[in-house]
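Novice: Residues per chain are reported as follows:
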Amino acid sequence: MTTLDILFAAVGLITAASAVLAVTTHHLVHAALWLVVTLGTLAGCYLILGAELVALVQLLIYVGAVVVLVLFALMLTRAPIGSSPEHSASLVQRVAAALIGAGTTALFASVLLPALGGELRTTRAGDTQSIATQLFGSWVWPFELLSLLLLVALIAALAVSRMPTTPTIPTTPMIPTTLTTRTSVDDIPAKTGGESA
Amino acid sequence: MIHLWLPLLLVCVLAGAGAYGVIARRNAVLVLIGVELILNAANLLFVTTASVRGDQLRTGYVLTLFLITIAAAEMGVALAVILALFRDRGHIDLSEPGS
Amino acid sequence: MSDSVSLSAQVVILAPFVAAILGLLVARNRPAGALISIAGAAVSLVAGAHVLYAIHHGPFSPEVPTVGPLPLGQLKMPLTLLVDELSAIVVVAVAIVGLAVQLFSQWYLHDDDRYGVFVASVSLFLSAMFLVVLSGDLVLTLIGWEVMGWCSYLLIGHNSRKESANKAATKAFLVTRIADLAFVIGLIILASGVSTTSITAVIDGWPDLPAASLTAAFLCLLIGVAGKSAQFPFHDWLPDAMEGPTPASALIHAATMVAAGTFFLARLFPIFVLSDPARLALAMITAVTMVGAAIIAFGQSDLKRMLAYSTLSQIALMLSALAVAPASVGAGPGVLHLLSHAMFKALLFLAIGWLSVLVAGTAAAKMSGGVRYHPQLRLPIAIGLLALAGVPPLVGFVSKESILGAAYDNVTELGSLSGWIVLVSFGVTVVLTAAYCTRAWLVLTHLSPADEAVRRASLAASRTVVDVSLVEIFTEPAPGTVRDSSGTPGQPAAEVEHDHGHAGIFPGARVSIGALAFLSVVGGLIIFTPLVGVEPHLVWGLAASSLLLILVAWLSVRRMAAMNSSGDAADFLGARRIALFDRGFGVDGIYVAVVSPVVRLARIVVTADRDLIDASVRSTVVATRWAGAASERAHTRKPSDYLVWLLLGLLVVGVSGVTLW
Chain A
1 MTTLDILFAA VGLITAASAV LAVTTHHLVH AALWLVVTLG TLAGCYLILG
51 AELVALVQLL IYVGAVVVLV LFALMLTRAP IGSSPEHSAS LVQRVAAALI
101 GAGTTALFAS VLLPALGGEL RTTRAGDTQS IATQLFGSWV WPFELLSLLL
151 LVALIAALAV SRMPTTPTIP TTPMIPTTLT TRTSVDDIPA KTGGESA
Chain B
1 MIHLWLPLLL VCVLAGAGAY GVIARRNAVL VLIGVELILN AANLLFVTTA
51 SVRGDQLRTG YVLTLFLITI AAAEMGVALA VILALFRDRG HIDLSEPGS
Chain C
1 MSDSVSLSAQ VVILAPFVAA ILGLLVARNR PAGALISIAG AAVSLVAGAH
51 VLYAIHHGPF SPEVPTVGPL PLGQLKMPLT LLVDELSAIV VVAVAIVGLA
101 VQLFSQWYLH DDDRYGVFVA SVSLFLSAMF LVVLSGDLVL TLIGWEVMGW
151 CSYLLIGHNS RKESANKAAT KAFLVTRIAD LAFVIGLIIL ASGVSTTSIT
201 AVIDGWPDLP AASLTAAFLC LLIGVAGKSA QFPFHDWLPD AMEGPTPASA
251 LIHAATMVAA GTFFLARLFP IFVLSDPARL ALAMITAVTM VGAAIIAFGQ
301 SDLKRMLAYS TLSQIALMLS ALAVAPASVG AGPGVLHLLS HAMFKALLFL
351 AIGWLSVLVA GTAAAKMSGG VRYHPQLRLP IAIGLLALAG VPPLVGFVSK
401 ESILGAAYDN VTELGSLSGW IVLVSFGVTV VLTAAYCTRA WLVLTHLSPA
451 DEAVRRASLA ASRTVVDVSL VEIFTEPAPG TVRDSSGTPG QPAAEVEHDH
501 GHAGIFPGAR VSIGALAFLS VVGGLIIFTP LVGVEPHLVW GLAASSLLLI
551 LVAWLSVRRM AAMNSSGDAA DFLGARRIAL FDRGFGVDGI YVAVVSPVVR
601 LARIVVTADR DLIDASVRST VVATRWAGAA SERAHTRKPS DYLVWLLLGL
651 LVVGVSGVTL W
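Just so you know, the sequences run in chain order A, B and C.
According to our numbering, the first sequence holds residues 1 to 197 in order.
According to our numbering, the second sequence holds residues 1 to 99 in order.
According to our numbering, the third sequence holds residues 1 to 661 in order.
Only chain A is shown next, with the shape it has when bound in the complex:
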C-alpha cells in the first residue's frame, strides 16, 4: 500500500458511501446533499490521481452549478421536507434495481479489474499546462462545438419552460399575458400543491 493508495481508499470510501446514500435516502433534500458530498469527494479523488484542473472544474461546475440546479428543481416541484418513503418505488422494483445495480457493478468489475486492476502505476502531476495547450490547440473545434451545444441547451430549456403544456387550454398560446402567467411558478394550480404536501 502506498500513501496514495491509503489516501484514495479513504476518500473513495466516503465517495462510495455517500453515493449509495444519495440513491437510498428517503429525504429528498438529503439525497441532493449526499450528491454534493459524492461530487466533492470525487473531486478529491481526481486530485489524488493528479488531475488538478479536472478536480477544480468538477468543483466549479458540478458542485457549484449542477447541484444548485438539482436543488432548484426539488424546490420548484414542491419537494417535501423530511422523510418521504413514498418517493421510492415498490419493493419489487427496488429488488430489481438492486439486482441490476449489482449486475452493473459486477459487469464493470469483471471487465476493468482484470484488465488494469493489478498494476501499480505512477500518476502524473502538474499536467495542467499541457492540457490547456491541447484543449485550445488540438481540441479547439470540439470545444467550439460544445459551446454551440450549450447555447442550444440554453435556448431549448427556455423554449421548453415557455411551452404551453396543457392542450386543454383552447386560447391561443401566442398571447403574451398567457405566456407570462403560465411560466411563472405561482401559476401552478393550488390543488397540486395540496397533493404533494
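To be clear, the hints were calculated from the coordinates, so they are not data collected in a lab.
There could be a bad hint or two in this list.
[What the hints assert, rightly or not] Chain B residues, not near chain C, derived (Cβ > 10 Å throughout):
id	residue
1	Leu9
2	Val52
3	Gly54
4	Asp55
5	Leu57
6	Thr59
7	Leu63
8	Phe66
9	Leu67
10	Thr69
11	Ala84
12	Gly90
13	His91
14	Leu94
15	Ser95
[Unchecked claim] Across the chosen pairs, the derived CB separations fall in these ranges:
id	chain 1	residue 1	chain 2	residue 2	range
16	B	Glu96	C	Ile604	56 to 64 Å
17	A	Leu150	C	Val655	32 to 40 Å
18	B	Met1	A	Leu145	33 to 41 Å
19	A	Pro142	B	Glu96	35 to 43 Å
20	B	Met1	C	Thr636	49 to 57 Å
21	A	Met75	C	Val655	38 to 46 Å
22	C	Thr636	A	Ala106	25 to 33 Å
23	C	Val655	A	Phe143	29 to 37 Å
24	B	Thr59	C	Val655	24 to 32 Å
25	C	Gly657	A	Leu99	40 to 48 Å
26	C	His635	A	Arg94	20 to 28 Å
27	B	Arg89	A	Ile155	19 to 27 Å
Yeah, the Cβ is synthetic: ideal placement off N, Cα and C, and Gly gets one too.
Take the given structure of chain A and dock chains B and C to it, following the hints.
Specialist: Using the frame of chain A, we list chains B and C on its own:
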C-alpha cells in the same frame, strides 16, 4: 504510485449505485441524481486511465472536461422538462401512469 | 424551275395547315372560317397543279427538303419530300376533293354552331394527307398517317352530342390505332434494314436484303394498311363512321384516309412486288373485303351506309390491283382507280348529302323517289352510280378495266394464285356492284302509287316536268316539279329555305358537285395522258364479259325491284335482312368474341391484383394497426417500469458483449 484497482472499484460502485438510483426512485429529480452518478463513474474512469497512460493529446482529461460541460447542459434541459412536466401534471412521479 | 417545284410542294402541305390553325383561331367567325378553309384548299390545288405541270415539263429535283435532316447517329433521317408523277397526280386529286368538300360543307353545315372547328379539322386532315402523299421519308409518312387518324376521330365525332357519333369515333380510333401498331413495326423493320428512313433509299436498298425480312415488314404494313383502308378484318369502323357529317364522310372515303393505305403501298410498290407471300395475303384480304362488302352493301337499309360498304369494296379493288400487278405494269392501275374512285365517290357522297338535306334522312325508305322529286340531283347521282358500276365511258370503267388488265397479265404471265383469286372475286364484285348501284337508282327513282297519283294530278295542272341537264346544275334548279317533303307538289323552284329550316344550296356547293360530275365523266381520258403512267390496255374479252355481267345484274335487279311495292330490290331478300345486313353480318360479334376473353382475363387479373397482391399489402397495414393497438394496451404508461427494462437491456448487451468477445 497507486494501485489501479482502487479507483476502478470506485467506478464500479458509482455506476452500480447510479443504476440502482435510476430504477428505484419515483421522483424524477432523484432519477436524475442516479444519472449524474453514472456520468461521474464515466468521468472517473477517464481520469484514471488518463493519469496512468497519458497520451500526447490528453484525451482523457479533455473528454472529462467536455463531459462535465455536457452534464451541465443536460441538467439545464432536464430541469426545464421536469418543470414543464410538473406544471402539466402537478407531480413528477414516474410510477404514476401518464395520460 | 426545280426551286419553284420545291416551293409549291411545301405550299401544298403548309397551306391547309396554316388554314387549320387560323381557322381554329377564328372558329367563332363563320365567314372568316369559310374563307380561310376554302382558300387553304384552293391554294393547295393551285400549288399541286403547278407541281403536276412542272414535273411533266422540264427538269426538277424529286427530293424536297423540309426541316432539314435529323442526325441520329447511324440512322439517317433526311425528312425530305418526294415529288414525282405518282405523288403529284394524287395531290391534285386530293386537293380537288378537298376543295369540293370545303365548298360543300360551307352550305351543308351552315347552321352548325361548330362549323369553324369542323372546317379547321378538315384542313388539318388535308394537310396530313398531303404530307403522306408527298412524303419521301417514312417518319413523315408516319406523322401524316397518325395526324389523319386523329383528325378522322374528330370528324367522325363531330356531332359529339350524339352518343352514337362518340361511339363510332372511338371505334374508328381504336381499330385504326391497333392496326397502326403493326404499321409502325413494319416501318421500323424497313428503316432498320437500310439504316435510313428515306423512301428512295428503302426502295433501292431492300432488293439486296433477305426476302423473309421484307415479307415480315410488309405483313406488318399490310395490317396497318388494312386498318387505315378499312379492309377485312378491320373494316367495321368505316360504315360506323357514317355518323360523321356527310362532307367528312366524302373526305374520308373518297380521297384521303382510306386511300392513304393504297397510296403508301403504291409508293413502295417496287419492293412490295418482290414479296409474293405478302402479295398473296393482300389478295386474299381484298378478295374477302370486295365481295363481302359488296354483298352487305346490297342489303343496306341506309343509302349512306351502302355507299360506305361500296367504299370498302372499291378500296379492296384498288389494293387488289397492287396485289396482282406484275412489276412491268407497276402500281398504275391501283392509283388510277384511286383517282377515279376519289372523283365519283366524292360526287356520290356530296349528292347523297344534298339529297339527305332535302328529304331529311339517309334511310332508303326516306330517300325513296328522292331523285324524282328533286330532279336537279338526277344527273349527278346517275353519273356517280354509273361510274361506280363501271359503265363505259365513265372513269370507273377505265380504271376497273385497267385493274382487270393487270390481273389478266398476272394470270397469263405469272399464273400465280393471287391473280386467280383477284380475277374471280373481281368478276363477282362487278355483278354485285352493278346490282347495288341499280338498286340504289331504282330506290331513288321509285314512285309509290300515292305519289304517282299526286304527280299525275300536278301534271294535269299543266306543269311540265323538265329533266335537268348538266348546265342547269351549274345555274339554277330545274323549273320543274320540286317537291319538298311536306308533300305539296308543283312548288316553284326557289329553294330559298327547306321545310326543316335548311337554306337553299349555295352556288359554291353546286359548282363543286358539278365539277366532280364532270371529272367523273371525262376523267377516264387521263389514261391517254402521261399523268398516271398507265398504258391504254384493254382486254376485250374481259371487258365485254364484265359489261355483260353488269347488264345481267341490272336486268335481274330491275326484275327483283318490280316484284316489290316499295321498289327496293333488297326487300326481295326477306324481312330479316335489315337486321342482318345492317349489322354487317355481325362482324362486331367477331370483335366481341375476340375481346371478351381478353376482358375476362383482365377481370381475373384485376381480381387477383386486388384480392391477392393488394390484399397482402393491405394486410400489413391491418397487422401493423393491430400490433399497435395491442402494444398500446400492453403499455403501462409508467416511465419507471420502462427504465427497468432499459437498464436491464443495457446490462444484457454489456454482459453479452463481454462474454461473447
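Novice: The structure should be examined with respect to each hint, and the outcome stated for every one.
Specialist: Taking the hints in turn, this is what the structure says about them:
1. Leu9: The claim holds: Leu9(B) sits with its nearest Cβ about 17 Å from chain C, beyond 10 Å.
2. Val52: About 22 Å separates Val52(B) from the closest Cβ of chain C, which puts it past 10 Å; holds.
3. Gly54: holds, 26 Å
4. Asp55: holds, 24 Å
5. Leu57: Its Cβ never comes within 10 Å of chain C, the nearest being 27 Å, so this holds.
6. Thr59: It holds; Thr59(B) is separated from chain C by about 22 Å at its closest Cβ, greater than 10 Å.
7. Leu63: Check passes; 20 Å lies beyond 10 Å.
8. Phe66: The assertion about Phe66(B) holds, with a minimum of 22 Å to chain C.
9. Leu67: It holds; Leu67(B) is separated from chain C by about 18 Å at its closest Cβ, greater than 10 Å.
10. Thr69: holds, 24 Å
11. Ala84: holds, 15 Å
12. Gly90: Gly90(B) clear of chain C: closest Cβ-Cβ about 16 Å, beyond 10 Å.
13. His91: holds, 12 Å
14. Leu94: The claim is violated: Leu94(B) sits with its nearest Cβ about 4 Å from chain C, within 10 Å.
15. Ser95: violated, 5 Å
16. Glu96(B) / Ile604(C): 56 to 64 Å: holds, 58 Å
17. Leu150(A) / Val655(C): 32 to 40 Å: With a Cβ separation near 35 Å, Leu150(A) and Val655(C) satisfy 32 to 40 Å, so the hint holds.
18. Met1(B) / Leu145(A): 33 to 41 Å: Distance hint for Met1(B), Leu145(A) holds at roughly 38 Å.
19. Pro142(A) / Glu96(B): 35 to 43 Å: Distance hint for Pro142(A), Glu96(B) holds at roughly 40 Å.
20. Met1(B) / Thr636(C): 49 to 57 Å: About 52 Å separates the Cβ atoms of Met1(B) and Thr636(C), which means 49 to 57 Å holds.
21. Met75(A) / Val655(C): 38 to 46 Å: holds, 40 Å
22. Thr636(C) / Ala106(A): 25 to 33 Å: holds, 29 Å
23. Val655(C) / Phe143(A): 29 to 37 Å: Holds - the Cβ-Cβ distance for Val655(C) and Phe143(A), about 35 Å, lies within 29 to 37 Å.
24. Thr59(B) / Val655(C): 24 to 32 Å: Holds, since Thr59(B) and Val655(C) (Cβ atoms, about 27 Å apart) stay within the stated range.
25. Gly657(C) / Leu99(A): 40 to 48 Å: violated, 19 Å
26. His635(C) / Arg94(A): 20 to 28 Å: Distance hint for His635(C), Arg94(A) holds at roughly 22 Å.
27. Arg89(B) / Ile155(A): 19 to 27 Å: Because 24 Å falls inside the window, the suggested range holds.
Of the numbered hints given earlier, the model fails hints 14, 15 and 25; all others are met.
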